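Participant: Working from the sequences, and respecting the hints, build out all of it.
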Amino acid sequence: DTAVSQTPKYLVTQMGNDKSIKCEQNLGHDTMYWYKQDSKKFLKIMFSYNNKELIINETVPNRFSPKSPDKAHLNLHINSLELGDSAVYFCASSHSGASTNEKLFFGSGTQLSVL
Amino acid sequence: SQQGEEDPQALSIQEGENATMNCSYKTSINNLQWYRQNSGRGLVHLILIRSNEREKHSGRLRVTLDTSKKSSSLLITASRAADTASYFCATIIQGAQKLVFGQGTRLTINP
Chain A
64 DTAVSQTPKY
74 LVTQMGNDKS
84 IKCEQNLGHD
94 TMYWYKQDSK
104 KFLKIMFSYN
114 NKELIINETV
124 PNRFSPKSPD
134 KAHLNLHINS
144 LELGDSAVYF
154 CASSHSGAST
164 NEKLFFGSGT
174 QLSVL
Chain B
12 SQQGEEDPQA
22 LSIQEGENAT
32 MNCSYKTSIN
42 NLQWYRQNSG
52 RGLVHLILIR
62 SNEREKHSGR
72 LRVTLDTSKK
82 SSSLLITASR
92 AADTASYFCA
102 TIIQGAQKLV
112 FGQGTRLTIN
122 P
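Chains as they are written, first to last, in our numbering: chain A, 64 to 178; chain B, 12 to 122.
All the given hints hold, so there is nothing to weed out.
Listed below are the simulated DSSO-like cross-link pairs for lysine-lysine, each with C-alpha atoms no more than 30 Å apart in a straight line: (1) B/Lys37 to A/Lys103; (2) B/Lys37 to A/Lys107; (3) B/Lys81 to A/Lys166; (4) A/Lys107 to B/Lys81; (5) B/Lys81 to A/Lys103; (6) A/Lys107 to A/Lys85.
To list a few chain A residues with every Cβ distance to chain B over 12 Å, as calculated: (7) Asn125; (8) Arg126; (9) Lys130; (10) Ser131; (11) Pro132; (12) Ala135.
If you're looking for bench data, these hints aren't it; they were derived computationally from the structure. Small disclaimer: the values here were computed from a predicted structure and weren't measured. Idealized CB from N, CA, C, for every residue including glycine.
Facilitator: In structure tokens form, the structure reads like this:
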């Protein structure tokens, strides 16, 4: 009954591979996000979707492609993985867009290690 | 560039003492939020303070906001070992639709 769940929790892969991280929320929220947390704990937004529509796309390499099949799911596909992609990726959701006084609910993170 | 910056980056205190963490930001905001992250876990929302509020309480947490100085503080009173975590401030920049996080303060409560 986890509110925001993402899989896998750990992902170890070789450079050049393609991988996906899945995220699902059962809170009935309209907006979902992907954040990247680097080794210094710096947390940066990557993408935001509202009701399956892309509303935020930060300066992220186009090797990263989010997909939202419905408003409860936001998956992240990464092509041609690079060493610098190693980080913890967090999925989050909020009731509506972040422009309102909304708090975010986070998943437990996916630790990606690119070797 | 980062919107919020926490200070100090790391704080270690004895159980029972109070812990104060500060956050400074650069642009006008709609609100400011504080989150906690336990090791290996996702962030958990603690408290939200609107730009027209100056102080807010929630249990052992007290948050202040000074928009003239573009700063906020989080006070945890009577700290417990379970409070050991990283604490992040986050702001929604006016006109934007994203919550921007600072780099966090790593708090350690020693028993």
